[in-house]
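**Student:** Chain S is already provided as a structure; the job is to place chain P on it using the hints.
Chains as they are written, first to last, in our numbering: chain S, 320 to 894; chain P, 48 to 605.
In case anyone wonders, no lab produced these hints; they're calculated from the structure.
On a predicted model such as this, the values are computed, not experimentally measured, just so you know.
Don't take each hint at face value.
[Stated by the list, open to error] Listed below are the simulated DSSO-like cross-link pairs for lysine-lysine, each with C-alpha atoms no more than 27 Å apart in a straight line: (1) 755/S / 655/S; (2) 593/P / 445/S; (3) 460/S / 593/P; (4) 498/P / 470/S; (5) 674/S / 702/S.
[What the hints assert, rightly or not] Which residues of chain P face chain S? A few of them, derived with a C-beta cut under 7 Å, are: (6) 91; (7) 94; (8) 125; (9) 127; (10) 129; (11) 130; (12) 173; (13) 184; (14) 188; (15) 597.
Beta carbons are placed, not taken as given, at the ideal position from N, Cα and C, and that holds for glycine.
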Amino acid sequence: MKNVKTASAVVLLCVIQGAGAHTLHGAASPIMGILQSELQRNMQVLRQQDVPAYFGAYTVYDERSTEIMASFGAVERSDDNHQRFATVEVRAGDYALDNTHPIRGDTRAMGPRLTQVSLPLTDDEKPIRLAMWRATDRTYKTATEALTRVKTNVAAKVKDEDPAPDFSREEAQTYSGSPVSYALDQKAWEARLRRISALFAADLQILTSDVSLSVEADNRYYTNSEGSQIAQGDVSCRIFIQAATKAADGMDLPLYTTYFATSPDGLPDEKQLTTDARNMIELLGRLRTAPLVEPYSGPAILSGRAAGVFFHEIFGHRVEGNRQRNPDDAQTFAGKIGQPVLPSFLSVVFDPTLKKVGNIELMGHYVYDDQGVKGQRTIVVDKGVLKTFLLDRAPLKDVKDACCASGFSRSNGHGRAEPGFSPVSRQSNLVVESTKSVQADELMNMLREEVRRQGKPFGLYFDNIEGGFTNTQRGSANAFNVLPNLVYRIYTDGRAPELVRGVDLIGTPLAAFAKIAATGDKVDVFNGVCGAESGGVPVSASSPPLLVSEVEVQKKAQSQETAPILPAPRTAKKS
Amino acid sequence: MRPVLCPVAALSVAALLVSPPAMVVRAQQSPILAAMQDEMARSMSELRMKDAPPPYFIAYELQDRTMIDVSGRLGALVENPPHHIRVLRVEVRVGSYDFDSSRFAMQGFGPGSAPLTGETVLAPLDDDYDALRREIWITTDDAYKRAVNVFARKKAAFQNRSTTDPLPDFSKEAPVETELPLSPSSEGREAAARAQQPSAALGASAVIDSSGVDISAIRGSRYYLNSEGFKTVTPIHLASLTMYAETQAADGMPVRETYTAVESTIQDLPSSADLVTQARELAARVIVTRNAPVGEEFTGPVLLEGLGSSEFVAETLLPLVLARRSPDAENPRVVPAQPTPFLSRTGLRVMADAFSATDTPSLKQFQGKPVAGAYVVDEEGVRARDVTLINKGRLVTLLSSRIPQKNFPQSNGHGRAGGAQAGVFQLESSLAIPAAELKSKYLALLKAQDKTFGYIVRGVRPAGGANSGPGIEQVVKVTLDGREEPVRGLRFGNVPSTAFRDLSEASGERTLYSYRAGLNAAVSVIAPSVIFEELEIQRTRDILQKPPIVPSPLQSQK
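Just chain S, with the same shape it has in the complex:
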């Protein structure tokens, strides 16, 4: 069973832009030449085999990273890493039917992995060629075995209702981005994280807490047998603050705050981090004594970030093209092209070319996707009407009356994967746009009005969501479960909003979308790493706050562990 899960509880990054003394270069770089020549040498022979290879691709990942983590005033990790590895893809058969064709009735199919080999850190030709050659041979042989299984399966099972080819034809691309690197004052950052993490030591009820910085410079070199040569790099820099306490009844109460930037200037300064840490400590204190909410259904507002996660989980995963190909997927939207799927005041765009919303940088930005296709701004829903899907190089059956000239036979640059996984269509920067937005106060008034109209004792305000999961397989409930960690009860009698705890937001997708009544006007952004078939990929989701006329909440899964028996040790011995 495939759960599509967005772990927002992911380390935060902050990217430091190329202070640049590092050695990697674009299409002209030595490594690109070595890769291209070894790939051609292998493909020349493999194309001539009885079961021919028709496509090959090599990607080299050069990843440099620094991770620092501090907890309660002491550094627990401070590591530098530098690694290089390559993935190899070989397709046997032809564009119409190849070894990647889904096997019908194979319910245990996991996301396929690409052959992965580690490489030396230098551009030495011999070891690189030897490693790529060995991996290519292994990959080709695996592909021919898979193709035999595919052909048997195609012959034996019920006729495929989707005669789309297995691989799209795309133009060869050449791109040579500047290699990226970063410079980091590690000692200064260790000291900063020590100071921020020490704030949490003052509250003896906080059981676990850490503050971490993760900086990563990734340079990728992609080449394929169609002639593409793409060198691109990203620096990402994240800070992640987390702390957890326990309520008297044993309920775990975690809070997270994350920051992302693509340059050091984009990271919050220590003053900001200190303020946010203090706020978190204060909120945790209030959460410990906050009342529990019983299962409830009624009107609610989702904050911009919460709405972003909500859309990512419930909508985004269902418009990923690969799901429309998978015969085991429920394919919520497969037959809905040209039909309304959302209220007419909403549009949903996936835009990997977008770097920022307001002044917040987006984690889902890239130039080329992991199949060497340029990332394209893709309007999936236009004024409520479904227009297309997120597409990788696996085409979908063409839908008559479809909007777009190319139909679904070409990728729109959403073939993405964590290094080592086989790319499939995944989300990038999700942006929810509204033509029916009102100011925050007005939206709150609309909520109160709806509460009164429905005769409910209160409405809910979901301020923050830590993540969620959804199931899109047939044969199981296509419900979603979104995990809020900051929820308020909103009363109609003038009482202040009341912090509560202990609920998850649940529902089914089509019913939920129909109940979106209005939006706020201030867009907020959720940055995170989304985990699914092709591993974890960085994404973002931006949305204005949503007023939903009816949501349902259920009790959170609860830890049966009691609070610690002894109180936290006093800081008596500080020298």
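**Tutor:** Positioned in the frame of chain S, the structure of chain P alone reads:
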């Protein structure tokens, strides 16, 4: 530098060597030990859960480790900066020495199903008393709750079982304090030099499909404290090197040859120049093996020479002298008891009469070379003891940890790598002959048994799977006229525990072989070349892959 040993008063341990040189890190003042001591005292006196037994034993272990991993591939390097971590392990036991929360495998998966060896978490790298104590506090709380839960399930599982002669779960030992000088941190450059040139030498031949040199070293300190009064501060140091070369024979059979070295430090590993020589020999050997015919299955006398003999002993005889005990299980079918055939053989003949075996962790040097398996104190804080295991073919005792086993109720200081483990295992024969004479003895034995050929094994590797004995890396077929011909594709059949009674000859010359047993522990074996009267040699059961379709890039460049 000499160890500084400070046994606690009521101890039976021998003399102490007191010589705190200037370099010794004064561990007593370290905030690490202070935080451990203070939280231990508080937990032992106050950590109680209502209606549950209190802890009767708590142990804290902190390992400060710096890891270095460097690999060479055809002269290019794959390396990372040294990786520094501190790992805290907290062990809490409830119940009593006779019956406690340890050694119990619960049904189900996930955390808690494997027998408890403690909770392990990352600890602060800073010498920060407060942060460390907080980490110890929360981890002790987890460990205690886990122990209470396991103990309840274990009691429930045992309430309807009847046991004929119950063994205690944990032995009582007299506490001892051991403090050894800590060593300064290690140098990664030393490793790079040993990976780069040798890996280039391995790549000289175009028929070798894959080759490399991998070096992995660990260095640091270990702090151990338990509620009985044991206290250990010792250095951690271990370095291992593996060199390998792979190719495929014309029939598709994979051919892989390796060279390994395990020492205490990177500096103790063979020099770069020596490794280049080893690399050339290894590369040459792979090609010889690749072109050699596949050997024939055989049962009869076998001559094991040099390193091959020591490796064989490590794989076959050594595990028999460990008094290991499988955990009890909620469902005994899930955790079958490990066979320990020597448990009930004390006083009986287990080897040919001339042979004796010892384990001597005190042996620091052998023929002028350092012995990596030597150690002073084991992982449970118990001082290592030199032990005579087999005397004139008769079994005297086994190596034991604090987990009691039938007939072996006490530890003899061999609680290593998570159970009983050897340190420096030595085998020798009182009727040894010069190594040069072994071959003629062997040919005579073949002749006496009407064999037309035999095998001389010079390299052995760990068993490849169930129902097979050790693998064979270097073997020649020898005919009665003494001619040797390399062969490939062989492995040992099962080696029964009775095989050692039929050892017929041994050389006076002995070879030191060290290997890694777990992250921090090395084991050394010192054994002579030997002739077994009967061993079974089988063909390997590799699945043969077709050779690569595209020729190697190294070949096409030439």
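**Student:** Each hint should be assessed against the structure and marked as holding or not.
**Tutor:** Cross-check of the supplied hints:
| no. | hint | verdict |
| --- | --- | --- |
| 1 | 755/S / 655/S | 23 Å, holds |
| 2 | 593/P / 445/S | 23 Å, holds |
| 3 | 460/S / 593/P | 10 Å, holds |
| 4 | 498/P / 470/S | 54 Å, violated |
| 5 | 674/S / 702/S | 24 Å, holds |
| 6 | 91 | 11 Å, violated |
| 7 | 94 | 6 Å, holds |
| 8 | 125 | 5 Å, holds |
| 9 | 127 | 6 Å, holds |
| 10 | 129 | 9 Å, violated |
| 11 | 130 | 6 Å, holds |
| 12 | 173 | 4 Å, holds |
| 13 | 184 | 5 Å, holds |
| 14 | 188 | 4 Å, holds |
| 15 | 597 | 5 Å, holds |
Of the numbered hints given earlier, the model fails hints 4, 6, 10; all others are met.
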